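Undergrad: Mind the numbering: the sequence shown is residues 0 to 188 in numbering that gives the first Met the number 0, read in order.
Please keep in mind that the hints were generated in silico from the structure rather than gathered at the bench.
Owing to the predicted nature of the structure, the values given are computational and were not obtained by experimental measurement.
Keep in mind that a hint or two might mislead.
[Unchecked claim] Just the calculated beta-carbon pair ranges, DEER-fashion:
| no. | residue 1 | residue 2 | range |
| --- | --- | --- | --- |
| 1 | D66 | S97 | 41 to 51 Å |
| 2 | F88 | E33 | 42 to 52 Å |
| 3 | E158 | P98 | 20 to 30 Å |
| 4 | P58 | H181 | 19 to 29 Å |
| 5 | L67 | D129 | 26 to 36 Å |
| 6 | P32 | E120 | 13 to 23 Å |
| 7 | V71 | R35 | 41 to 51 Å |
| 8 | M171 | D90 | 25 to 35 Å |
| 9 | G34 | E120 | 32 to 42 Å |
| 10 | A28 | M103 | 49 to 59 Å |
| 11 | E33 | V71 | 45 to 55 Å |
| 12 | K4 | A176 | 48 to 58 Å |
| 13 | A28 | G144 | 32 to 42 Å |
We put the CB at the ideal spot given by N, CA and C, even for glycine.
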Amino acid sequence: MGAIKVPGDLLLTEFDAREGILFRVRVTATSDPEGRLLAEADQISPIHRKANGEVTREPLLPIKPADLGEEVFRVDFSNRPLLLINNQFGDWRALAHSPFFVCMALPQALREILTRVLWVEKYFDTDDPDDWQARWLRFAAALPGSSEVPAEEEKDSFEDWINASVAAFARMHGMKARFGAHWSGGSES
Numbered sequence: 000m001g002a003i004k005v006p007g008d009l010l011l012t013e014f015d016a017r018e019g020i021l022f023r024v025r026v027t028a029t030s031d032p033e034g035r036l037l038a039e040a041d042q043i044s045p046i047h048r049k050a051n052g053e054v055t056r057e058p059l060l061p062i063k064p065a066d067l068g069e070e071v072f073r074v075d076f077s078n079r080p081l082l083l084i085n086n087q088f089g090d091w092r093a094l095a096h097s098p099f100f101v102c103m104a105l106p107q108a109l110r111e112i113l114t115r116v117l118w119v120e121k122y123f124d125t126d127d128p129d130d131w132q133a134r135w136l137r138f139a140a141a142l143p144g145s146s147e148v149p150a151e152e153e154k155d156s157f158e159d160w161i162n163a164s165v166a167a168f169a170r171m172h173g174m175k176a177r178f179g180a181h182w183s184g185g186s187e188s
């Protein structure tokens, strides 16, 4: 194998946001037969380093700005779930962390993702640590007040399990109290 040369500048400046970026890495032979594929890895997340050098983990639901027209947010399933926020609101990161948005969007995103996994993807395995569906099922099943993922043949319990998981998520994060603390009780204009 030839010597690996690391480029001087590793900054990726062509992207609007780092959220949702995944890489494919291929290793090829440099000897006969030259160019032969030796290894390949897909969906590799970049390492995020804070200013102090601390490495942060990839979020379960990355958030990314997008042109959504009249929609405020949308869960995108092109690859793994990604929460898209309308880029016409300016500081989309501030919006994503605002109490109103968090309380209204995150429980709904969780509900949509779990519905997608069980009803659309028909996925029930929780063992694969790298599979996005398994990660979401493990997350929901581990919430205080939730239970294990229903078996494929227990279709009658899917909706109840999803509702219980979303309720457990909202309870764990104090969504009702957080929302109430910022809601002035205003009337519709």
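Undergrad: Sort out which numbered hints this structure fails and list those numbers smallest first.
TA: 1, 6 and 13
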